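Turn these sequences into a full structure, and let the hints guide you.
2 protein chains.
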Amino acid sequence: MKSVNIKELARELKLSISTISKALHDSHEISAKTKKIVLDAAAKFNYIPHPYASSLRGKKSKTIGVVIPEVADSFFSLAINGIESVAKEKGYHVLIYLSHESFENEKNILQQFRGGRVDGVLISVSRETIKSDHINDLIADGIPLIFFDRVCDDVDTAKITTDDFESGYRAAEHLLKKQCRRIAFLSISYSLSISNKRLEGYLQAHQDYKIPADKKMIVYCPDDAKKNYTVIKKLLQQKNRPDAIIASVEKLTAPVYKACELLKLNIPKDIKVICFSNLVTASILNPSLTTITQPAFDMGKTAAKLLFRKLEKKNVSLKKENIVIPSTLIARSSTTG
Amino acid sequence: MKSVNIKELARELKLSISTISKALHDSHEISAKTKKIVLDAAAKFNYIPHPYASSLRGKKSKTIGVVIPEVADSFFSLAINGIESVAKEKGYHVLIYLSHESFENEKNILQQFRGGRVDGVLISVSRETIKSDHINDLIADGIPLIFFDRVCDDVDTAKITTDDFESGYRAAEHLLKKQCRRIAFLSISYSLSISNKRLEGYLQAHQDYKIPADKKMIVYCPDDAKKNYTVIKKLLQQKNRPDAIIASVEKLTAPVYKACELLKLNIPKDIKVICFSNLVTASILNPSLTTITQPAFDMGKTAAKLLFRKLEKKNVSLKKENIVIPSTLIARSSTTG
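As they're listed, the protein sequences go chains A and B.
Residues 1 to 337 in the working numbering are what the first sequence spells out, letter by letter.
Residues 338 to 674 in the working numbering are what the second sequence spells out, letter by letter.
Derived from the structure by calculation, the hints contain no laboratory data.
None of the values given here were measured: they were computed from a predicted structure.
Using N, Cα and C, we set each Cβ at its ideal position, and we do this for glycine too.
Incorrect hints may appear among the rest.
No more than 30 angstroms apart at the CA atoms, straight line, and that leaves these computed lysine-lysine pairs for DSSO-like [said to hold, decoys possible]:
#1 B:Lys564 x A:Lys251
#2 B:Lys351 x A:Lys60
#3 B:Lys427 x A:Lys227
#4 A:Lys305 x B:Lys444
#5 B:Lys515 x B:Lys576
#6 A:Lys107 x B:Lys427
#7 A:Lys251 x B:Lys563
Computed footprint of chain B on chain A; a stretch qualifies when at least three of its residues, placed anywhere within it, have a C-beta under 8 angstroms from a C-beta of chain B [as the list claims (entries may be wrong)]:
#8 71-82
#9 95-103
#10 257-263
#11 272-285
Structure, rendered in structure tokens:
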């Protein structure tokens, strides 16, 4: 059925737009009789209120914005499912915005939010994000914002993370106990909090096990599948090549496996591999992959629940909320032996 | 920097909201002097126009809505990248909405769009969608809509698809040529156009090769990972179990592999497997997976380009546009022999 807007409804009833609007909002300026005429016609002609108009009158948009770097990563798709499980129950819509790992994109997205398009924001920042003015500005505008997974440490709002330091430590410890002595750590960013915490854990494990960590084993991978492959291939071809790899993000799994295949390096005999990954295919890879599996769904759900607590009660403070949900190391064939 | 809204700007300048609004929109009713005062103050206090307000004045939202069943499927994440590659160039925002394979959700999302929140829509329908009133209503409201991948055949608008019939045919032919005689076809829907076309291709190949297709080999999998696993296990445990499987969607890959592992069925010796999949991990699975790989990025890009052609020129008709971009069969170890 076709719908009408307020202008068409006004024309139909030969009333002013202002009268229609007031009637629809039950204004005391409008008689009961006129209200009835307007409401009946609104139903009859399938009048749909303009969402922006409702928002202008100070109503809520009933929408939350979720800003993530990408969707081609099972962590984020699972986190979205967690967020939507809560939003659905609350009758809210979820809009997903992708920064594609670009700080400029992320700034533009947050700028849009300042006009009232969303009631609250859940964000996992891009790998390029170093400054946080764009985030502080949005919060200063009164729009509640919560970080999940990738946070800006200097912004004073709620953060839902996993135990990145401990996970980096556990991954390195798992390999050190198996006598690996040249463990490469593949990072995706010099600035991202999660990357640095995972790296710190890796370094701490080396210190505790009294194995010196070689700086040449810490490698940064760009946001480009082909370049990643080249970087990893080069790492594995060097004279003192690593005897193990910790890949700090899921999308490095395929290039690591492919580079090993090309160079005829047997996983796990010649080189052991652990990835931070929520891939459902981890257990059916050749060989099956040892993973640090993150509580993606729960992190999304927890972040959304906290946001709704804030949306429902103005006096809830997000400032001191720091929730850490632990990850799990799942040992499989890629680190056997 | 904190921003102000029009009300705060009016208070600051001791002018009416209406005067501010008219000045900001360069109305002839307002003097040049007042305009300058208002514009200077708007810049000084970081006034951000309300997006809904601009929209109310008949301006565009500069936003397109993308409705997809889920993001945990590499087809859709690649298609989104294709869509965003075009939208970015045009200075448009992309909002992603997930139906989670629910017809109710999909209807609610489209209902929201009727208020002017988006200028145009790209949709891939849920597996439950049989009726198309919600889509026809939106189009009748003047919001251009284009299908990609999963279409409603009865709606008269542009459709960007891949060659699903031919792909189903090619998959079955590949297995029939390898002497498979009991080829199971795993579908996800009785109604979805893509599922039915793939199945028709499968049936046609059987007919052309004069091999009768057994109806018991056509199995419907629900939208639930655990139940899928049970259904597939049961299929492989029956007396005349299949000697090959065609999985018509990516997410059936893991349960097929796991069920074979549990039942100690060797892929490809005991059973051959082909999946419709864009998984980057297809080549590193154990064994590497033969896939029908869809042109996901190109389909998204083509759909977006066509939508912008319509948004830029009112007289472009979407009715007769039917673009088919072919998929590719990539043979790997899961069908060797």
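Status of the hints after comparison with the structure:
1. Restraint check for Lys564 (chain B) and Lys251 (chain A): the C-alpha separation of about 28 angstroms stays at or below 30 angstroms, so the hint holds.
2. For a cut-off of 30 angstroms, the pair hint linking Lys351 (chain B) to Lys60 (chain A) stands: about 27 angstroms separates their Cα positions.
3. Our distance criterion of 30 angstroms between C-alpha atoms is met by Lys427 (chain B) and Lys227 (chain A), whose separation comes to about 28 angstroms.
4. Between Lys305 (chain A) and Lys444 (chain B) the CA atoms are separated by roughly 25 angstroms; this keeps the pair inside 30 angstroms, and the hint holds.
5. Between the alpha carbons of Lys515 (chain B) and Lys576 (chain B) the distance comes to roughly 22 angstroms, so the proposed pair stays at or under 30 angstroms and holds.
6. Pair hint Lys107 (chain A) plus Lys427 (chain B) holds up; C-alpha atoms about 18 angstroms apart against a cutoff of 30 angstroms.
7. Restraint check for Lys251 (chain A) and Lys563 (chain B): satisfied, since their Cα atoms lie roughly 25 angstroms apart, inside the 30 angstroms limit.
8. Only residues whose C-beta sits within less than 8 angstroms of a C-beta in chain B count toward coverage, and the stretch 71-82 of chain A has 8 of them, enough to reach three; the restraint holds.
9. Under a criterion of three residues with beta carbons nearer than 8 angstroms to beta carbons of chain B, the stated coverage of the stretch 95-103 of chain A is upheld, 5 such residues being counted.
10. Residues of the stretch 257-263 of chain A with a Cβ under 8 angstroms from some Cβ of chain B number 3, which satisfies the need for three, so the listed coverage holds.
11. Taking a C-beta to C-beta cut-off of 8 angstroms, the stretch 272-285 of chain A contributes 6 residues in contact with chain B, enough for the three needed, and the coverage statement holds.
In summary, this structure violates none of the numbered hints.
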